[in-house]
Amino acid sequence: MNVLKVSKLTIALFVLPCLLLYVCLVFVPIIVSLYTSLIDWNGIGESKFIGLENFKDLLFHDKVFWPAVRHTLMFAVFSMLEIPIALFVAILLSRFVKKPNFLVSSYFMPVILSVVIIGQLWKTIYNPASMGGMLNQVLEWVGLGSLQQQWLTDPDIAMYSLYFVALWQYLGYHTLIQFTGIQNIPSDIYEAAKIDGAEGLKADWHITLPMNVPIFKISIVLAFIGSLQSFDMIMVMTGGGPGNATDVIATHMYRMSILSMKYGYGSAIAAILVVVCLVATVVINYGFNRLERKYT
Amino acid sequence: MSQSTHTAVLPSIKPQRKFSIGKTLMWVLLAILLVTQLYPLLWLAIYSLKTNEEILSGQFFALPHVPQWSNYSAAMESGNYVKYLFNSLKVTLITMVGVLFLSSLVSFAISRFKWKYGQAVMVIFLIGMMIPMQATLLPLMIIFKNLDFLNTHKALIFPYIAFQTPIAVFILSGFMKSIPHEIEESAIVDGAGVFRIFWNIVLPVSVPPMVTVCILTFINIWNEYILAATFISSERLKTLPFGVYSFVSQYSVNYGAIGAFLVLGALPVIVIYFLLADKITKGMVAGAVKG
Amino acid sequence: MAKMNMKSILGLVLTGSLAISLTACGSNSNNGGNSEASNNAGATNAATEKPASNEKITITFQNIYPDPTDPKHNMMKKIVDQYQSEHPNVKIELDSLNTDQQKQKLKTQAASKEVPDITIVNPAAQMQPYVDAGLFAPLNDMVEQNGLKDTFQDGVLDFYTFDNNLYALPDGNNIGVVYYNKELFEQAGITKTPETFEEMVEDVKTLKAKGIQPMAIGEKDTWTGSFLFMNVLLRTNGGPGFLSDVVAGKKTFEDPAFVEAVDAMQNLIQAGAFQEGVTSFDYNAGENLFKTGKAAMYYMGSWATGGIETSEAVKGKVGVFKFPTVNGKGDANQFMLAPGSAFAISADSKHLQETKDFLNYFMLNFPKEAFAVKGAVGLAQKVDGDFKAAGYSDMAINVLDLFKEVKGGDLAFDNTMNPGTAQGHLTSIQNIFVQKKDSAEVAKEHQTAYESNK
Numbered sequence: 001m002n003v004l005k006v007s008k009l010t011i012a013l014f015v016l017p018c019l020l021l022y023v024c025l026v027f028v029p030i031i032v033s034l035y036t037s038l039i040d041w042n043g044i045g046e047s048k049f050i051g052l053e054n055f056k057d058l059l060f061h062d063k064v065f066w067p068a069v070r071h072t073l074m075f076a077v078f079s080m081l082e083i084p085i086a087l088f089v090a091i092l093l094s095r096f097v098k099k100p101n102f103l104v105s106s107y108f109m110p111v112i113l114s115v116v117i118i119g120q121l122w123k124t125i126y127n128p129a130s131m132g133g134m135l136n137q138v139l140e141w142v143g144l145g146s147l148q149q150q151w152l153t154d155p156d157i158a159m160y161s162l163y164f165v166a167l168w169q170y171l172g173y174h175t176l177i178q179f180t181g182i183q184n185i186p187s188d189i190y191e192a193a194k195i196d197g198a199e200g201l202k203a204d205w206h207i208t209l210p211m212n213v214p215i216f217k218i219s220i221v222l223a224f225i226g227s228l229q230s231f232d233m234i235m236v237m238t239g240g241g242p243g244n245a246t247d248v249i250a251t252h253m254y255r256m257s258i259l260s261m262k263y264g265y266g267s268a269i270a271a272i273l274v275v276v277c278l279v280a281t282v283v284i285n286y287g288f289n290r291l292e293r294k295y296t
Numbered sequence: 001m002s003q004s005t006h007t008a009v010l011p012s013i014k015p016q017r018k019f020s021i022g023k024t025l026m027w028v029l030l031a032i033l034l035v036t037q038l039y040p041l042l043w044l045a046i047y048s049l050k051t052n053e054e055i056l057s058g059q060f061f062a063l064p065h066v067p068q069w070s071n072y073s074a075a076m077e078s079g080n081y082v083k084y085l086f087n088s089l090k091v092t093l094i095t096m097v098g099v100l101f102l103s104s105l106v107s108f109a110i111s112r113f114k115w116k117y118g119q120a121v122m123v124i125f126l127i128g129m130m131i132p133m134q135a136t137l138l139p140l141m142i143i144f145k146n147l148d149f150l151n152t153h154k155a156l157i158f159p160y161i162a163f164q165t166p167i168a169v170f171i172l173s174g175f176m177k178s179i180p181h182e183i184e185e186s187a188i189v190d191g192a193g194v195f196r197i198f199w200n201i202v203l204p205v206s207v208p209p210m211v212t213v214c215i216l217t218f219i220n221i222w223n224e225y226i227l228a229a230t231f232i233s234s235e236r237l238k239t240l241p242f243g244v245y246s247f248v249s250q251y252s253v254n255y256g257a258i259g260a261f262l263v264l265g266a267l268p269v270i271v272i273y274f275l276l277a278d279k280i281t282k283g284m285v286a287g288a289v290k291g
Numbered sequence: 001m002a003k004m005n006m007k008s009i010l011g012l013v014l015t016g017s018l019a020i021s022l023t024a025c026g027s028n029s030n031n032g033g034n035s036e037a038s039n040n041a042g043a044t045n046a047a048t049e050k051p052a053s054n055e056k057i058t059i060t061f062q063n064i065y066p067d068p069t070d071p072k073h074n075m076m077k078k079i080v081d082q083y084q085s086e087h088p089n090v091k092i093e094l095d096s097l098n099t100d101q102q103k104q105k106l107k108t109q110a111a112s113k114e115v116p117d118i119t120i121v122n123p124a125a126q127m128q129p130y131v132d133a134g135l136f137a138p139l140n141d142m143v144e145q146n147g148l149k150d151t152f153q154d155g156v157l158d159f160y161t162f163d164n165n166l167y168a169l170p171d172g173n174n175i176g177v178v179y180y181n182k183e184l185f186e187q188a189g190i191t192k193t194p195e196t197f198e199e200m201v202e203d204v205k206t207l208k209a210k211g212i213q214p215m216a217i218g219e220k221d222t223w224t225g226s227f228l229f230m231n232v233l234l235r236t237n238g239g240p241g242f243l244s245d246v247v248a249g250k251k252t253f254e255d256p257a258f259v260e261a262v263d264a265m266q267n268l269i270q271a272g273a274f275q276e277g278v279t280s281f282d283y284n285a286g287e288n289l290f291k292t293g294k295a296a297m298y299y300m301g302s303w304a305t306g307g308i309e310t311s312e313a314v315k316g317k318v319g320v321f322k323f324p325t326v327n328g329k330g331d332a333n334q335f336m337l338a339p340g341s342a343f344a345i346s347a348d349s350k351h352l353q354e355t356k357d358f359l360n361y362f363m364l365n366f367p368k369e370a371f372a373v374k375g376a377v378g379l380a381q382k383v384d385g386d387f388k389a390a391g392y393s394d395m396a397i398n399v400l401d402l403f404k405e406v407k408g409g410d411l412a413f414d415n416t417m418n419p420g421t422a423q424g425h426l427t428s429i430q431n432i433f434v435q436k437k438d439s440a441e442v443a444k445e446h447q448t449a450y451e452s453n454k
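Protein chains in written order, with the UniProt record's numbering: chain A, 1 to 296; chain B, 1 to 291; chain C, 1 to 454.
Think of the hints as simulated: they come from the structure by calculation, not from any bench. Ideal Cβ placement from N, Cα and C applies to all residues, glycine included. Be careful, since some hints might not be right.
[As the list claims (entries may be wrong)] Below, computed lysine to aspartate or glutamate pairings styled on EDC-like, alpha-carbon distance capped at 16 Å:
(1) B:Lys145 <-> C:Glu445
(2) C:Lys113 <-> A:Asp57
(3) C:Lys315 <-> B:Asp148
(4) B:Lys145 <-> C:Asp348
(5) C:Lys454 <-> A:Glu292
(6) A:Lys63 <-> C:Glu445
(7) C:Lys113 <-> B:Glu53
[Stated by the list, open to error] If you want the ones that stay clear, here's a sample from chain A, every Cβ over 12 Å from chain C, calculated:
(8) Glu46
(9) Lys63
(10) Pro128
(11) Met131
(12) Thr238
(13) Met256
(14) Lys262
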């Protein structure tokens, strides 16, 4: 239980500056786009109120929407599956490496690179062998030529190729976050555990994992945000194609509101996105509240 | 916070020679990761010296035939490197300070004050946590038009702060909740006020999550282009991503110059980051000791 | 327990003032950076009454020539600088963006009625929504006052004219042509350029058999394949106007001419005309295959001429030919027409008169400067000058000759249809590059997209 009893003025001084800014620039725009999802508007000219028509089209007639939702959620799932790997790397780094900072920082580098470059780099990896694609060439050299794929243009594979780029790019990011968490676990806990006979990986299982639960929560939330907002990378690599094979919610929204000039419809997609965010936030928080209660 | 006293010591294990195979495997793994994660930088450096034809031919391992240093002069002069770098640094720094300051105030209120609406405020922040900035482009445009913010850095800094606060509040309040309540109880006994508890006790302990927030903010802001391109029109106010995209024309892209510009753009960041990496980690730990 | 004491109040005051001073710092530094901007804004507001001739004004010129290593950018800069030195009271603020970003920015600006003084739009259907919303100022008086209108080629301004009002001035006017690499044709033993589509498909097979990449395209950008497909349709339809017939309700997409066009297009694709992984190649990567001599043919708008002729690898080896007839249908002298992106003026411009004056000056000087930087192929304006003497390549002159033979044609799909249908079309055509489809099915997809976007 929180203990500090303070006056309303104090609360206002602490909360209002941030809350006002946030409400005006994030919350109000969301409400506005909820409203625009109810109109038929090309974004420029006349608009017409059409109720839930956009949602009806979107949920029941749009052939691209549900696959896009699936891709987005899969994106999130893959990003989350990466977290245990990041944790493992972080444990190795903090346990066995004397000066881990250089490695942590190095692993982190891909995150700060511009998506323009990431796109170019991975295209030279994924291209067909005849176009100098590294992956296919390597497969050829090692005698696995039969495994060669059209990594970015086979509709069944392209999405996975994109997931992988994201996994690669964000591995260091999650490692850094997990690493920071581990750094803040007091060492006397480990020492106490040692006396009880828990050492090495066993200590990690009983101490590092539960102590890092709040950090997992942060990682998972960030992974989810990253997946929902994965837009630039897909635009650079495939543009959502071939056909709509690699469209996610964000690219579909862009295609609709900007390219197709159906602003109302795009807003309906945004509204669904908000709902997905809400559900995800609730689920993640609920799940972790239980976990945290269990371990703290 | 007594338990934190020893945090500074890493839980390192004494040399265990018997696991040498495991250790070798570990070093192999770490080395592979180092190569895959750092290789892009080398690749970028090579890329920035190539001609367009060499880049577009997509040969992964190829070196430039003749190093194209002219890409760098194009990036320096035509890409307005210095001006854009300055603007990017300014916008990013102000945003970081703003995010840290505002969100730590709110987080403190949510996690330590005894008041009815703490949870409600938290929920409001959580709702916006995952919203992509692009989805609010048009409403923001209208708001900034009325505030006369368009074509000023305010039109970037304010939304950047606003969009970063949810995750910052989420991280900071989560951390502040874990600080034992005895500390403010004893502080109150000592006669310390709310502000002193916040500034002298809670903030110093919260350095580690604040560093995390800083890093997240930086990542999200540094390469941001959509808002910047929409709200900024004047050359002298533009940020680094404009420099990158300035080499993209309707029917041609000057990839080499983009590469050079990105090298120049990443350089100060990498240098600062590696110089500070030790300090950052030390800061994280030192913060914890102070409690 | 914790009642507020003096100290904590002081503390709070401190926090507050810190916050205020921080904000002040922030806004100070902003103001420092923007003093010019706010002065201008002030001037802008004042100027609404009646601009005195020596009053400082700023005109925002949004454009899509951001690349300083691109001749078009320097040409723009040169004319702007000239104008500014002749009109010291006018400052032209260049907002140079890449094409995608400019489109998105303009749409956001248009939605909030904040269109810059000069902006860039695409012709016909693409600019229609802006015109309908009354966002652009008519330019009739401006093009007539000093003969600017007559510098434009006949008919090109029609694509920017709605209800007899002209709303934008194009920077280019191009046609779709097939570039080919003479050397690679020779290697494959092909002695003449194809005159029918069937010959072209045969040539593709011949080239392929010799291990030469027959054609290149950057189909990630989707409009590229659409542009080619529309040329096929222009032939199978026996002439222009298929899409306008659809809009007029006289035809549907399930018309035999359309299905035939899809069939022909699939024949070309299935013959192995295009490079592997074609849908991940953007425009530049696709064009680069041709420019580096790795592909034998390249169908594109004539704007590509400049880039191709300056490429070392294919210098002097490239020729052009007209897109052939398909199944004996159509006229090779009908081309895909590509009137370029165009400069429009905001109806709400605070300095309408000055902006018109500047754009007039800009367009009058445009052909001369473009000619000088060898960018005059595919201009919307007439150019006086001896191309040969000015050092234009043989290929460029070939392209210019083709222009003289143009007997009408069609516009690109997205310049004729509404944006929603266009997106459906682009996706549908991109799909047939990846896998063979039933042509009737493709036609049906189009019809569905059209009906749901009416």
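Hint check results:
1. B:Lys145 <-> C:Glu445: violated, 41 Å
2. C:Lys113 <-> A:Asp57: Violated. Lys113 (chain C) to Asp57 (chain A) sits at ~29 Å, over the 16 Å cutoff.
3. C:Lys315 <-> B:Asp148: violated, 52 Å
4. B:Lys145 <-> C:Asp348: holds, 14 Å
5. C:Lys454 <-> A:Glu292: violated, 54 Å
6. A:Lys63 <-> C:Glu445: holds, 11 Å
7. C:Lys113 <-> B:Glu53: Violated, at about 42 Å.
8. Glu46: Glu46 (chain A) is in fact no farther than 12 Å from some Cβ atom of chain C, at 8 Å.
9. Lys63: Check fails; 10 Å does not lie beyond 12 Å.
10. Pro128: Answer for Pro128 (chain A): violated, closest chain C Cβ roughly 4 Å.
11. Met131: violated, 6 Å
12. Thr238: Check fails; 6 Å does not lie beyond 12 Å.
13. Met256: violated, 8 Å
14. Lys262: violated, 6 Å
Checked against the numbered hints given earlier, this structure breaks hints 1, 2, 3, 5, 7, 8, 9, 10, 11, 12, 13 and 14; the rest are met.
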